[in-house]
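Student: Sequence:
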Amino acid sequence: MTSSIGRHRSGEPVVSFDEVTYSRSGGPALDGLVLEVDPGETVALLGPPGAGKSAVLGLLLGLLVPESGTVRLFGQSPAGAVAAGRVAAALQHDRLLPRATVRDLLRFGWSRYPGPMPIDEALAVSGLAKVATREVGKLGPDLFRRARLALALLPRAELLVLDEPTGGVDADERAELWTMLTTARKAGGTVVFATTELAEAAEHADRVVVLSGGARLADGAPDEIRRLVPGRTVSVELAGMTPEELAALPGVVRVHTRGGRAYLSSTDADATVLALGAAGRLREVEVVGTDATDAFGALAA
472 MTSSIGRHRS GEPVVSFDEV TYSRSGGPAL DGLVLEVDPG ETVALLGPPG
522 AGKSAVLGLL LGLLVPESGT VRLFGQSPAG AVAAGRVAAA LQHDRLLPRA
572 TVRDLLRFGW SRYPGPMPID EALAVSGLAK VATREVGKLG PDLFRRARLA
622 LALLPRAELL VLDEPTGGVD ADERAELWTM LTTARKAGGT VVFATTELAE
672 AAEHADRVVV LSGGARLADG APDEIRRLVP GRTVSVELAG MTPEELAALP
722 GVVRVHTRGG RAYLSSTDAD ATVLALGAAG RLREVEVVGT DATDAFGALA
772 A
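Positions in the sequence shown are counted from 1; adding 471 to them yields our numbering.
It should be emphasised that the hints constitute simulated quantities derived from the structure, not laboratory data.
Note that this is a predicted model, so its numbers are computed, not measured.
Idealized CB from N, CA, C, for every residue including glycine.
Any given hint could be a false lead.
What the hints assert, rightly or not - Taking CB as the label site, the calculated pair distances span:
1. 694 / 741: 18 to 24 Å
2. 539 / 601: 48 to 54 Å
3. 564 / 540: 21 to 27 Å
4. 601 / 556: 26 to 32 Å
5. 568 / 646: 24 to 30 Å
6. 646 / 713: 55 to 61 Å
7. 540 / 709: 42 to 48 Å
8. 568 / 521: 43 to 49 Å
9. 494 / 677: 27 to 33 Å
10. 534 / 748: 50 to 56 Å
Throw the hints in and build the complete structure from the sequences for me.
Tutor: If you want it as structure tokens, here you go:
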């Protein structure tokens, strides 16, 4: 059952999925998906691997064809919207011209769009000005990612599509990439990005759509989605308490075990820890942020 919180329409949607079904060899990637994105929204598609995020992006960009249902961008087909220069994307496995310099790569992209960002501005915003004459094939992973994002930002397209734009980077680089994206998009436009990280979705989107098994599981503002998942995970050694006893503690909504410890997803970590203290387990307790497995498990419950 989909949880839709506080949604309202504001004119024709930029993106519209109407009962879209799409299957891969392993089974359905999308199962009757209904989704709309309004002009000016920044929407995170949040879900674990295999949730259907890549299928949504592929269909949105016209790279895939739905088995049933319809996908529309700006009221037209995805292929038409892309051909008109209204959509730009940075996908995880984009292949760029390896022997072109960074500047030449951007110059090639610049020539394909009406009203693009000046190349020097794109180099500055993306932090690539100092490597503008370096061949793309000689860039390290972080700089290559920046080149891919710069190429997507260059057109100043009305819709920007990003597939896990910060996946696999450290916290500092992630912060810099989002600063780059935020700076470049300050003039407006609509953004749809995929992520497996609840924290990233909550920080950088004004709406979060949770996908699971190809279906829309929840849909709302970040704070509303956060309230649907446990706030903290309490870790405790299993010795002396059974998983059933732990599941009965105050605030606990989910228990899983690993390596001799139990991990308790809790909506009230303080109450859970106090109960563990009363049971004499306080010295073996750790409290950490909720991980992705617990978050998606709680939403699917």
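Student: If a hint holds in the structure, say so; if it doesn't, say that too.
Tutor: For each hint, the structure was consulted:
no.	hint	in the structure
1	694 / 741: 18 to 24 Å	holds (20 Å)
2	539 / 601: 48 to 54 Å	holds (50 Å)
3	564 / 540: 21 to 27 Å	holds (25 Å)
4	601 / 556: 26 to 32 Å	holds (29 Å)
5	568 / 646: 24 to 30 Å	holds (29 Å)
6	646 / 713: 55 to 61 Å	violated (42 Å)
7	540 / 709: 42 to 48 Å	holds (47 Å)
8	568 / 521: 43 to 49 Å	violated (31 Å)
9	494 / 677: 27 to 33 Å	holds (31 Å)
10	534 / 748: 50 to 56 Å	holds (54 Å)
Figure legend: structure checked against the earlier numbered hints; hints not met, in rising order: 6, 8.
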